[in-house]
Amino acid sequence: MAHGEEHAQVTVIPPNKEKIKKLWTVAGILGFVTAVEFLIAFTMHHGPLKTSIFIGLTIVKAAYIVGEFMHLRYEVKVLFWSILIPMIFVVWMLVAFVYEGIAISDVR
Amino acid sequence: MAHTTATTPGRSEWDGGVSPMGVSYGKLMMWFFLLSDAFTFSALLVTYGMVRSSHQAYTGAVDAFTFSQAYWPIPEKVYEAIPFFHGVEMPLVFVGIMTFILIMSSVTMVLAVEAGHRMDRKAVEKWMLWTILGGIAFLSCQAWEWTHFIVGSGGPNGGANLAHNEYGPPDFAAFFFFITGFHGFHVFSGVCLNFLIYYNTVMGTYDRRGHYEMVEKVGLYWHFVDLVWVFVFTFFYLV
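Chain order of the listed sequences is A and B.
Position 7 of the first sequence, counting from 1, maps to 7 under this note's numbering, and the rest follow consecutively.
So the number in this note's numbering is just where the residue sits in the second sequence, counting from 1, plus 1000.
What the hints contain is simulated information worked out from the structure, not anything from laboratory work.
Treat the numbers as computed from the prediction; the structure is a model and nothing was measured.
Where hints are given, some of them may not hold.
Stated by the list, open to error - Calculated cross-link-like contacts (lysine-lysine; reagent style DSS-like; alpha-carbon spacing at most 30 Å):
1) A:K17 <-> B:K1126
2) B:K1027 <-> A:K19
3) A:K21 <-> B:K1126
4) A:K50 <-> B:K1077
All chains should be modelled from the sequences, with the hints used to inform the complete structure.
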């Protein structure tokens, strides 16, 4: 077949063991953090402290996914900040609206 | 890095001819699409946060919890069933399995991308298949989760739909359907895209093209879906 010959021209580079090992390490960290979250879910009382810990751990997981899996940590600085800076608006929106929600529940 | 091309005085790298962001057009557009998608999901989750914080929270003991319209339910009492163990209370175990599946399929995706960098068609095929399988497994779990949520304890007043909800305030079920549904639809589109990539890989399209960048672009999307689940998991099932 015509494209069979083209396959033959492709040179396959052998796997980079170190890089693959690093990816599995990141996966291990994600799994470990999730396990810790489960532990906290059943051992701590509901409250602002528990919520803060969960949000903190979520940000840790998000950082590993975006930084390592999506490779953003290794991209050019301009790209890195172009993605991260707009998220400030989201953080502000979250703070503003949850504050608003609490105010509504006080009025009720 | 590759983008640090020497620029002649008076000319910046933004004047054209080079990529200042060091990525191809397609990858850059995928990043900005994902940013916009992140805004959409954030809007949904922030609205959820606002409505939830405007409701009364349950303050009593976890063991004494009963479903009521008066306060927002606590997650470990709503999501406590897993398939094949009817009537056995295992809070959050099933959603833990779903989280594990999605993280694993993210790993197999990143391994497919790595294989693509090496032009290793066989390895890309293998890892793409695992990724597709993970996606389908996740969707199947979600189908079961939704069914369980909709049916609930059975009877005319059991379960939840958009008008009525046995677990708590009606908004609770509405947000559950909307946010996990919107995420599930993203997973579904991701599985379709992954299949397309797998098909093209098998057909030798990327070998002929000389690079496997499409795997990378769809990989970005797939990781984003995983990322969103991390947030949905926290705000729906843990907090």
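Problem set entry | Indices of hints not satisfied (ascending) | none
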